[in-house]
Amino acid sequence: MKYKSQKIAYYFFGLSMLLLTLQIVYGFIMGFAHMGYDGLHGLIPFNTASAVHKNLLVVWILSGFMGSAYYIIPEEAEREIISPKLAMLQFWALAIVGVIAIAGFHVGWWEGRKFLEIPRELDFLVAIDVVGFILLILLTLLKGKKQTTTAWVLTMGLAAAGLLYLPGMIFFDNLSMDSFFRWWVVHLWVEGVWELIMGGILAFLLIKLTGVDREIIEKWLYLIVGLTFLSGILGTGHHYYFTGVPEYWLLIGGIFSALEPLAFLGMTIFALQMYRKGNKKHPNKLAVTWTLSTAIVSFLGAGLLGLAHTLPQVNLHTHGTLITASHGHLAFWGAYGSLVFAMISYAMPQMTGRKIYDNRTGHLAYWLSNIGMLGMSISFAVAGIVQVYIERLSGKDFMIAANATKPHFFVLIICATLFSIGITYFIINFIKFGLPTDEALRTDDDYEALNN
Amino acid sequence: MLTKKQAKIFFLGGTLLFALIFLGLSYDTVVSGLPANTHPENITEEVLLGRTIWDDKNCMGCHTIMGEGAYYAPELTKVYDRRGPDYIKAAVNFKNGGWAPNGRHMVEYNFTDKEAEGLVAFFKWVGEMNLNGFPAEPTIK
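Same order as they appear, the protein sequences are chains A and B. The opening position of the first sequence corresponds to residue 1 in our numbering, with each subsequent residue numbered one higher. The opening position of the second sequence corresponds to residue 453 in our numbering, with each subsequent residue numbered one higher.
It is worth saying that the hints were derived from the structure and are not from the lab. Where hints are given, some of them may not hold.
Listed below are the simulated EDC-like cross-link pairs for lysine to aspartate or glutamate, each with C-alpha atoms no more than 16 angstroms apart in a straight line [to be verified]: (1) K593/B / D397/A; (2) K2/A / E439/A; (3) K541/B / E589/B; (4) K114/A / D508/B; (5) K456/B / E215/A; (6) K146/A / E75/A; (7) K146/A / E78/A; (8) K285/A / D358/A; (9) K396/A / E589/B; (10) K457/B / E215/A; (11) K114/A / D507/B; (12) K208/A / E75/A; (13) K460/B / E215/A; (14) K530/B / D397/A; (15) K456/B / D213/A; (16) K509/B / E111/A; (17) K541/B / E569/B.
Predicted model, so just to flag it, every value in this text is computed and none were measured.
Between the sequences and the hints, there should be enough to build the whole structure, so can you do that?
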C-alpha cells in the first residue's frame with residue numbers, strides 16, 4: 001500500500017463479506033423450500049427470500065467493486081483519494097441504504113422486478129450515492145499524476161454502470177416495455193460494463209502479480225473489452241426473445257450472444273499467458289490462485305453455461321427454468337465473486353501488513369467454495385433438465401416437475417454446505433488480517449520490496 | 453500483432469458501432485415492434501390494477517411471467533387460458549394459510565373482488581401477447 005486513503009477499501013470489503021454471508025443464509029432458506037421444508041414461510045416467504053438473495057448479491061459485488069476502485073485508483077493515479085472523509089460518508093450511505101432496502105423487503109416495501117426490487121424512492125438515494133462515488137474516483141484520477149489505461153477502463157466501467165441504473169427507474173404501464181428497459185440495466189451491467197470493471201481489476205492484479213509489462217497487459221485489456229461490447233451489446237437480444245419484441249431479436253440475440261464467450265475466453269487466455277510470461281512470481285499465492293481462477297471459472301460459468309442455452313431454439317424450452325439458475329450461479333461466482341475475492345486476497349496483506357499469502361485456511365477456502373459452487377451449478381442443471389423434460393416437453397403440471405426435482409435440491413444443499421464452509425474459511429482469513437494500518441505504507445514497488 | 457493504439461481503436465470503434473446499432477433497433481422495437489406484439493391499447497384501468505398488484509406483491513419472486521422471474525411457482529403467461537378466471541380468483545384469495553397445491557405454499561392474500569378481477573384482466577392481457585412462440589407446445593405425447 002502506497003497511499004493512506006487506500007485503506008478505505010477495507011470497509012467495503014468487510015461489508016461485502018457480511019452481505020455475502022447473509023446472501024448464503026437466504027439461499028439456504030430457498031433451497032430447503034424447494035425440497036418442501038418451508039417452515040419459515042410465515043416469516044420469510046419465498047418471494048422475500050429471493051428478493052433478498054438477489055439484491056444482496058448485487059450489493060456485495062458492487063461494494064467489492066467500490067473497494068477495489070478505492071484501492072486501485074490512488075495507486076494508479078499516484079495520489080490520495082481527493083476526500084477520504086467523503087469516501088467514508090459514501091461507504092456509510094451505501095451500507096445504510098442497503099440495510100434499509102433489505103429490511104424493507106421483509107415488510108413488502110419493494111417492486112416486483114427481478115434484480116431491481118429496490119423501491120424507486122430508495123433508488124434515488126442509491127443513485128446519489130453512486131454518483132458521489134463516481135465523482136470521487138473520477139476526480140482523483142483526473143487530479144492524479146498519471147492516467148493509466150487500467151485506471152480509465154475501471155473508471156469508465158464504474159461510471160457506465162451508474163448511468164445504466166437510470167433506465168431501470170422509469171415506470172412503464174406495459175409489462176413488456178418495463179422488461180425491455182430492465183434488461184438495459186441487468187444485461188448491460190453483467191454482460192457489458194461489469195466486464196469492463198472486471199477487465200480493469202484483472203489487469204491491475206496481473207500487472208502486480210506477474211510483473212509483465214503494463215503496455216502488453218493493457219493492449220490485451222483493450223482487445224478483451226472490445227470483444228465484450230462487440231458481442232455483449234447486441235447480445236442483450238437473448239433476454240428479449242420471448243418478451244414481446246419483434247422477431248429479428250431472435251436472430252440478432254442468438255448470433256451475438258453466442259459470441260459472448262469469446263470475451264471470457266480472451267480473459268482466460270490472457271490471464272494464463274501473462275502468468276506464464278511473468279518471470280517474477282509474486283509470493284501471494286492465494287491472490288494468484290483467485291486471479292487465475294476468475295479468468296477460468298468465468299469462462300465456464302458465464303461463457304460455456306451461457307452458450308448452452310442462449311440459442312433461441314434451445315432457449316424456447318429452457319427459458320424461465322432452473323437451467324437459468326445453473327448458469328447464473330456459476331457465472332456470478334466465477335466472474336464477479338471470484339474477482340472480488342482475488343482483489344481482497346491481494347489487497348489485504350498490503351493494507352494490514354500481515355503476509356497471509358499461502359496458508360492452509362486460504363487454500364481450503366478456495367477449493368471448498370469452488371467445488372461447492374460447481375456442484376450447486378450441476379445440481380441446478382440436472383433439476384433444470386428434469387423440469388424442462390416434464391413440464392415443458394411433456395406438458396405436465398408444474399408441481400409434478402417440482403416434486404421430481406426435490407432429490408436434486410438435496411444434493412444442491414450438500415454442495416451449498418461445502419461452499420459455505422469454504423466461504424467461512426475465507427472470512428476467517430479476512431478476520432485474521434486485522435484492521436488496516438498506516439504502518440503498512442510502503443513507497444517502493446512490490447518487486448523491489450520482494451527483492452530486498 | 454496489433455499495437456496498443458490499434459487495440460484501443462478496435463475497442464472504441466466497435467463499441468460505438470454496436471451501441472448505435474443497438475439504439476437503432478431499440479428505437480424500432482419501442483415505437484413499433486413491441487406495441488404491435490403487446491397491444492398497449494388493451495391496457496385498461498383494470499389491467500393496470502392487476503399489474504400494480506403484480507409488482508407490489510413481488511409475484512415475480514416465485515413465479516415467472518413471459519419466462520421471467522423465479523422458479524418456485526408456475527409460469528403464468530398462459531394461466532388465463534390454462535385455468536380460467538374463476539380458478540385464478542380462487543387461488544389468489546385462498547384462505548386458511550393460503551393456496552398450497554401439492555404442499556407448496558403461496559402467500560395468503562386478502563384481495564378485494566376488484567383487485568382479483570384486476571389480476572385476472574392482467575393475466576388475460578399478458579396471455580394475448582405475441583411472444584414469438586413462447587411458451588412452446590409440448591413435443592412429447
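Do the hints match the structure? See the list:
| no. | hint | result |
| --- | --- | --- |
| 1 | K593/B / D397/A | 14 angstroms, holds |
| 2 | K2/A / E439/A | 11 angstroms, holds |
| 3 | K541/B / E589/B | 25 angstroms, violated |
| 4 | K114/A / D508/B | 13 angstroms, holds |
| 5 | K456/B / E215/A | 7 angstroms, holds |
| 6 | K146/A / E75/A | 10 angstroms, holds |
| 7 | K146/A / E78/A | 7 angstroms, holds |
| 8 | K285/A / D358/A | 5 angstroms, holds |
| 9 | K396/A / E589/B | 11 angstroms, holds |
| 10 | K457/B / E215/A | 10 angstroms, holds |
| 11 | K114/A / D507/B | 10 angstroms, holds |
| 12 | K208/A / E75/A | 11 angstroms, holds |
| 13 | K460/B / E215/A | 12 angstroms, holds |
| 14 | K530/B / D397/A | 13 angstroms, holds |
| 15 | K456/B / D213/A | 12 angstroms, holds |
| 16 | K509/B / E111/A | 8 angstroms, holds |
| 17 | K541/B / E569/B | 7 angstroms, holds |
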